[in-house]
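*Asks:* In order, the protein sequence lines correspond to chains A and B. In this text, residue positions in the first sequence follow our numbering: the first is 1, and each later residue adds one. In this text, residue positions in the second sequence follow our numbering: the first is 1, and each later residue adds one.
Note that these hints are calculated values from the structure, not bench results. Each residue gets a CB set at the ideal place from its N, CA and C atoms; glycine is no exception. Treat the hints with care, as some may be off.
[Said to hold, decoys possible] Which bits of chain B does chain A cover? Going by a derived footprint, with three or more residues having C-beta under 8 angstroms, they are:
(1) 17–23
(2) 37–45
(3) 67–79
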Amino acid sequence: MQQNVLDIHYLIPELILFCTFAVMLAADQVFKRGRKKPVAVMGIAGMGLLIVSLWQQSAGLAETGPVYLFSRMMMVDPFSIYFKWIFAMTTMLTLILAMRSKEIEKQNEGEFYTLIVFVCLGMSFLCSSTHLLMIFLSFEMISILSYVLAGYLRGDPRSSESGIKYMIYGAFTTGIMIYGMSMLYGLTGSLEFHEIHDALQGGRGGLVPVTVTLLMISSGMLFKIAAAPFHMWSPDVYEGAPTVATAFFSVGPKAAGFAVFLRFLLTAFGPDTPVDWHRIIEILSILTMTIGNYTALRQENVKRMLAYSSIAQAGYILMGLAVLHPDGRSAILFYLAVYMIMNMGAFLVVLALENTIKSAELKDYRGIGLKSPLAAAAMVIFLISLTGLPPTAGFVGKFLLFKAVMDQKLYVFALIGVLNSVVSLVYYLRVVKAMYLEISPDPAPAEIRIPFTYAVLLVILIIPVIYLGLFFQPMYELSIKAVFG
Amino acid sequence: MEIISLQSYLLIGAVLFSFGMFAIITRKNAISVLLGFELVMNAAGLNFVAFSHFSDPVIHGQVFTLFIIALAAAESVVILALIISVYQKMNTVQIDEIDSLKG
């Protein structure tokens with residue numbers, strides 16, 4: 001008990017998040033309708049504080065090493081701090097996007113900002129949990145709020161529909177996951193990762209029941225990262241949800257899902273238990289990227305296309321998990337940070353254009369290259385990076401993933417990944433072609449103005465995409481440090 | 001002195017789970033899907049209590065069940081609110097009729 005109280009200073013980042021949330025909730029009641037921008041500014045300031053406190057914590061952790069909190073319910077280590085950085089940045093970017101989004105402005109926008117910050121709290125608990133109960137709680141924290149965020153636009157039936165579809169798939173996978181957790185508890189007699197690992201290593205449970213249990217628990221996590229066979233929700237939800245929420249879903253909860261999936265597989269199961277889970281991940285990875293890429297080929301809506309593209313990206317990231325080597329893990333961490341920047345950037349362009357042309361259909365993107373040169377140029381850079389071509393950060397990220405796979409002599413696996421990247425180029429280039437080579441039949445808006453905030457943010461996001469493509473060493477060392485401690 | 005064995009509890013849990021999954025997959029009415037979800041959650045809760053009672057000296061599993069009950073209630077609130085919001089727009093809660101998004 002005493003130890004639990006003393007542990008609380010390791011929880012300062014989460015406490016900052018919670019205080020930000022509470023202050024925003026109160027502020028939302030104070031400010032009048034239509035004048036809620038200060039609420040978002042408070043959130044952004046809170047995220048700034050969070051990043052600083054994480055910095056301090058990581059410096060302090062260098063001396064003490066990883067720390068278990070609250071009777072081994074959760075763990076503070078470089079791995080979780082790295083992910084919390086990603087979450088803080090994602091939330092900050094999302095709040096800035098939401099401030100200028102016309103979709104959100106029509107609703108009670110204060111609640112939207114507040115909910116985003118609370119999801120961030122859930123994500124930071126999820127990435128540091130080492131206990132099945134903790135996973136379940138933070139999982140639900142993210143899921144329930146995500147349903148609300150997806151169905152946020154009360155005037156828009158498509159938004160409500162996306163909310164309800166998210167909820168049905170979510171309920172389905174959460175149900176399977178929680179039942180799997182109960183089976184794992186029965187088989188191993190514990191809820192804590194290390195005890196589960198020890199029990200499994202001792203051969204408890206038998207191979208078949210443990211494998212089935214693993215698959216059941218994985219279903220919830222595969223749902224979060226939108227990997228096959230639980231990816232069906234994401235195109236519908238991404239298309240119908242407010243674009244700001246889509247940008248957030250495609251990065252934040254996905255990264256959180258990867259964090260918990262990595263920790264669960266590596267700590268609770270580990271490479272030395274009888275279950276051959278990396279084979280399963282390998283198959284899922286191939287399935288996910290192939291389905292994502294081939295379905296993206298025939299999409300006419302850019303938001304929907306980006307949804308399938310983010311399914312494919314989840315497939316590439318899973319490659320790093322199928323490799324039973326720390327190199328694969330550090331490649332995943334590197335790629336997730338890069339993916340956050342480039343995917344947020346692509347959605348930022350979609351959002352900026354949507355504010356003016358009120359559409360995300362590919363046919364409405366014709367001629368954008370002349371009407372809004374900055375947005376079009378930024379989109380090209382982000383899409384090149386998503387494909388994985390040099391000299392962008394996406395190239396380095398993919399290179400590290402493929403290299404980790406090649407080092408393990410999984411040549412066929414790596415080849416499938418490379419071929420998939422080639423396929424992805426086709427649909428990314430369709431957008432570029434529409435923007436630059438096709439002429440819009442309706443010349444009505446001769447020029448599309450994007451808000452000043454978005455223009456600045458686009459430039460800020462382009463810089464790391466190019467910079468990390470050329471000078472990736474510091475970032476790479478950071479991701480290695482997060483894996484090895 | 002156990003009158004009811006662990007197997008009986010697990011059997012009931014498995015039956016509840018299957019019924020719940022069946023409802024989630026086959027039912028077209030969103031409310032029925034929600035009911036199926038509740039069944040699945042309770043199946044897991046029952047499993048936890050049973051395992052905890054028979055094989056865990058500490059009551060971790062029973063605590064887990066308390067959380068499951070609370071969270072299932074919280075989730076129902078949000079889901080029902082979403083269903084109402086959809087009903088107001090589309091005048092239906094049949095999932096197969098809610099299909100403006102596809103491709």
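*Asks:* Determine for every hint whether it applies to the structure shown.
*Replies:* Checked hints:
no. : hint  : result
1   : 17–23 : holds (count 3)
2   : 37–45 : holds (count 6)
3   : 67–79 : holds (count 7)
Violated hints are absent here; each numbered hint is respected by the structure.
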